[in-house]
Amino acid sequence: MTDIPDFPEGLHLLKRWQSGDAEAKRDMCTIFDAAIAGEFDANFAILAPTNAVHASASVHMLALSILHDLYGIESAEYYKTIPERYVRANLIASRLLGIDKLYMTWALYAFTCEAMGQVMMYPDKFPPGSDPDKVLITRDTWQSLTTPDFNSGIPKIINDVLCVTERLTGMEPLLQISAPYSLAADIYGQEPLLENVVHEPDFVNDLLNHLADKVLSPWIDHFISEFPNGWIELSDASGSPFFIGPDNCKNMAIRSIKHMVDGKPWADRVFDANYRGDYVTQARKKNRGATRRRSSGAATTGGIDLSHLTDLKHSVCRDFIIRLEADKVPLSFYEEQAIKRGVPLTTGIGASQIDRNSIPDLDIAKQEIHETAGQFVAAIKQVSENINLPEDNNVLEPWPSHVYFEDISNQSQFDMIEIIIQSVRDNGQFKDQD
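Numbering (the numbering used here), first residue to last: 96 to 529.
Treat the hints as calculated values from the structure; they're not laboratory data. Quick reminder that beta carbons are idealized off the backbone N, C-alpha and C, glycines included. Honestly, I wouldn't trust all of these hints.
What the hints assert, rightly or not - Calculated lysine-lysine pairs in the PhoX-like style (CA-CA distance at most 20 angstroms, straight line):
1) 120 with 110
2) 476 with 526
3) 220 with 110
4) 435 with 476
5) 461 with 110
6) 309 with 251
7) 120 with 220
8) 175 with 220
9) 309 with 359
10) 175 with 251
11) 309 with 353
As the list claims (entries may be wrong) - For each label pair, taking beta carbons as the anchor points, the in silico distance ranges come out as:
12) 138 with 527: 21 to 31 angstroms
13) 477 with 114: 34 to 44 angstroms
14) 445 with 297: 29 to 39 angstroms
15) 104 with 477: 29 to 39 angstroms
16) 304 with 227: 23 to 33 angstroms
17) 115 with 481: 42 to 52 angstroms
18) 363 with 487: 14 to 24 angstroms
19) 304 with 244: 17 to 27 angstroms
20) 287 with 138: 46 to 56 angstroms
Between the sequences and the hints, there should be enough to build the whole structure, so can you do that?
Written out as structure tokens, the structure reads:
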């Protein structure tokens, strides 16, 4: 009987596998053989602790790299066939990392536009993406876009994955799809959409409403009919403040989500937690005149300050406050906001922070990440101990929560991950509540 290595031995195994060690590859194969065969299913049902800080992570890219290396499984086969293998591979990858709050993810931007008929590119060992040279809609054809079939193709693949995930973990199903703005960017094109944001904002809002009404809202209706206890996580990196500016984020991206959920019975089950770049609200306004005339205008700050932007983001993510790495605003602000609103705090570890190819001095990076992890754990504890936290600490909710690794791949620096997880485990215990 094969066992899952205890923390941090699983991370040490991943590190040796990453370096090309032949014995580590054999050990990995033994573990993944057992996981895919269902030998660890009982372990996957073990929940994160209810009285402590936990870690969660998006690991689908890491699991893809592992299955490609061990079995030669390529991207399309990995994502679109055998849901049991996909789910178990992601769950065992999480356990090897020492992750205790399981979080099931996939290539959501690609899947959302593929469901609509967008031409895709599937590399052999990397996640898919839309073909930028073959956009699905244009300025003249967008109104002909119709509602996809949700009983086949990508929507069915996702539902099959969620069925397996719920059965193995007991966690409520989480549908992850693009928000209207990011979907438009993928099927219409980033550059033409930005041009329209500046010069034809009414058209952009008409397009986003059309995507919400004809695609995303019916998709959610279908999902909730299949999973009445389900949640919906929208992702909208392209509609973030750092990319299109706080004003456009408010008046286009967030507005389109509110348009989509307004009056729907599932409105309180929908959230978008990945608007990023809060720091732009603190940038000095540029001088008017020639400089402004040379600017596209898409990312101007307008009159929205950090407090206002936080209110806007909270209006589409009401169950927790999240600080992503790209926000670049002091952690204390988010800690205060979470306590003020009576919701838990999630702190993101960005992919670039743990990318082994982006670290000039590993010793310095380790010290910095040790300090960062300690600050994150302390802030999450402070919030959790000062709000009316549910007794179960939301461990059954399928959100990205507490210390959240935004993306882990085969290029992640596993020593850095170990430092973070160790800090969570050593310092995350909540105070006893009388």
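Do the hints match the structure? See the list:
{"no.": "1", "hint": "120 with 110", "result": "holds (11 angstroms)"}
{"no.": "2", "hint": "476 with 526", "result": "holds (9 angstroms)"}
{"no.": "3", "hint": "220 with 110", "result": "holds (19 angstroms)"}
{"no.": "4", "hint": "435 with 476", "result": "holds (15 angstroms)"}
{"no.": "5", "hint": "461 with 110", "result": "holds (15 angstroms)"}
{"no.": "6", "hint": "309 with 251", "result": "holds (18 angstroms)"}
{"no.": "7", "hint": "120 with 220", "result": "holds (17 angstroms)"}
{"no.": "8", "hint": "175 with 220", "result": "holds (14 angstroms)"}
{"no.": "9", "hint": "309 with 359", "result": "holds (15 angstroms)"}
{"no.": "10", "hint": "175 with 251", "result": "holds (10 angstroms)"}
{"no.": "11", "hint": "309 with 353", "result": "holds (15 angstroms)"}
{"no.": "12", "hint": "138 with 527: 21 to 31 angstroms", "result": "holds (28 angstroms)"}
{"no.": "13", "hint": "477 with 114: 34 to 44 angstroms", "result": "holds (38 angstroms)"}
{"no.": "14", "hint": "445 with 297: 29 to 39 angstroms", "result": "holds (35 angstroms)"}
{"no.": "15", "hint": "104 with 477: 29 to 39 angstroms", "result": "holds (31 angstroms)"}
{"no.": "16", "hint": "304 with 227: 23 to 33 angstroms", "result": "holds (24 angstroms)"}
{"no.": "17", "hint": "115 with 481: 42 to 52 angstroms", "result": "holds (47 angstroms)"}
{"no.": "18", "hint": "363 with 487: 14 to 24 angstroms", "result": "holds (18 angstroms)"}
{"no.": "19", "hint": "304 with 244: 17 to 27 angstroms", "result": "holds (22 angstroms)"}
{"no.": "20", "hint": "287 with 138: 46 to 56 angstroms", "result": "holds (48 angstroms)"}
The structure shown violates none of the earlier numbered hints.
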